[in-house]
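Peer 1: Protein chains in written order, with my numbering: chain A, 1 to 112; chain B, 113 to 226.
Calculated from the structure, these hints are not laboratory results.
Ideal Cβ placement from N, Cα and C applies to all residues, glycine included.
The reader is advised that the hints may include incorrect statements.
[As the list claims (entries may be wrong)] Here are the simulated EDC-like pairs of lysine to aspartate or glutamate, each with C-alpha atoms no more than 20 angstroms apart in a straight line: (1) B/Lys123 with A/Asp24; (2) B/Lys156 with A/Glu15; (3) B/Lys123 with B/Glu197; (4) B/Lys156 with A/Asp24.
[Said to hold, decoys possible] Derived CB-CB ranges, DEER-like: (5) A/Asn67 with B/Asp186: 36 to 44 angstroms; (6) B/Gly152 with A/Asp55: 25 to 33 angstroms; (7) B/Ile124 with A/Ile53: 29 to 37 angstroms; (8) A/Asn94 with B/Gly165: 16 to 24 angstroms; (9) A/Glu58 with B/Pro173: 38 to 46 angstroms; (10) A/Asn94 with B/Arg121: 39 to 47 angstroms.
Okay, here's what each chain looks like letter by letter:
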Amino acid sequence: DQQVKQNSPSLSVQEGRISILNCDYTNSMFDYFLWYKKYPAEGPTFLISISSIKDKNEDGRFTVFLNKSAKHLSLHIVPSQPGDSAVYFCAALNNAGNMLTFGGGTRLMVKP
Amino acid sequence: EAGVAQSPRYKIIEKRQSVAFWCNPISGHATLYWYQQILGQGPKLLIQFQNNGVVDDSQLPKDRFSAERLKGVDSTLKIQPAKLEDSAVYLCASSSGTFYNEQFFGPGTRLTVL
Numbered sequence: 001d002q003q004v005k006q007n008s009p010s011l012s013v014q015e016g017r018i019s020i021l022n023c024d025y026t027n028s029m030f031d032y033f034l035w036y037k038k039y040p041a042e043g044p045t046f047l048i049s050i051s052s053i054k055d056k057n058e059d060g061r062f063t064v065f066l067n068k069s070a071k072h073l074s075l076h077i078v079p080s081q082p083g084d085s086a087v088y089f090c091a092a093l094n095n096a097g098n099m100l101t102f103g104g105g106t107r108l109m110v111k112p
Numbered sequence: 113e114a115g116v117a118q119s120p121r122y123k124i125i126e127k128r129q130s131v132a133f134w135c136n137p138i139s140g141h142a143t144l145y146w147y148q149q150i151l152g153q154g155p156k157l158l159i160q161f162q163n164n165g166v167v168d169d170s171q172l173p174k175d176r177f178s179a180e181r182l183k184g185v186d187s188t189l190k191i192q193p194a195k196l197e198d199s200a201v202y203l204c205a206s207s208s209g210t211f212y213n214e215q216f217f218g219p220g221t222r223l224t225v226l
């Protein structure tokens, strides 16, 4: 039973364009969401997060949008750069604040 | 600041053998996590320690997996005996508190069971 799903295993984008990575969840008790970025042979690193009381959080080129009614969030990267090529994981935090549930990841390839 | 250290980075064993992984968290981090990441999937939490006590091990297959965190610092994760489906990357992470604080991940140990 996957509570956090990333339905696109891969995404290819041209440098300078927008990358949009999507994530859906099923558990309405999740109240904090995070995006992690993972390069090969490295552990995931935290990228950006959003609380369920917000619908948008922006940090430089990265913006996360949350649609609670649809149980959907997305990560926008504008403009995309070749160095953004990595696997991106969406994760949700339980309301006890101690367990992260990860999606399966989306591999982003930004072409020069 | 030194990151989370893990060893070995790679391990190949045959099924039914035993294997152990080691993790050294960031200095001062009270909370330590072990995750299993199967190819094509996201990390799945196996066990969470707060200092040297277990907070959550509900997803740890206790018939073959065990973990300990002696003295509340380093941790080891053991699999005995290993099965083919245990092939995965085992990630260790640490954070400074129990309620959500940013988790810092180590590079992982890639286990291949033949």
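Peer 1: State for each hint whether it applies.
Peer 2: Hint by hint, here is what the structure shows:
| no. | hint | in the structure |
| --- | --- | --- |
| 1 | B/Lys123 with A/Asp24 | violated (34 angstroms) |
| 2 | B/Lys156 with A/Glu15 | violated (32 angstroms) |
| 3 | B/Lys123 with B/Glu197 | holds (15 angstroms) |
| 4 | B/Lys156 with A/Asp24 | holds (17 angstroms) |
| 5 | A/Asn67 with B/Asp186: 36 to 44 angstroms | holds (42 angstroms) |
| 6 | B/Gly152 with A/Asp55: 25 to 33 angstroms | holds (31 angstroms) |
| 7 | B/Ile124 with A/Ile53: 29 to 37 angstroms | violated (47 angstroms) |
| 8 | A/Asn94 with B/Gly165: 16 to 24 angstroms | holds (19 angstroms) |
| 9 | A/Glu58 with B/Pro173: 38 to 46 angstroms | holds (41 angstroms) |
| 10 | A/Asn94 with B/Arg121: 39 to 47 angstroms | violated (31 angstroms) |
Consistency note: the structure conflicts with the earlier hints numbered 1, 2, 7, 10.
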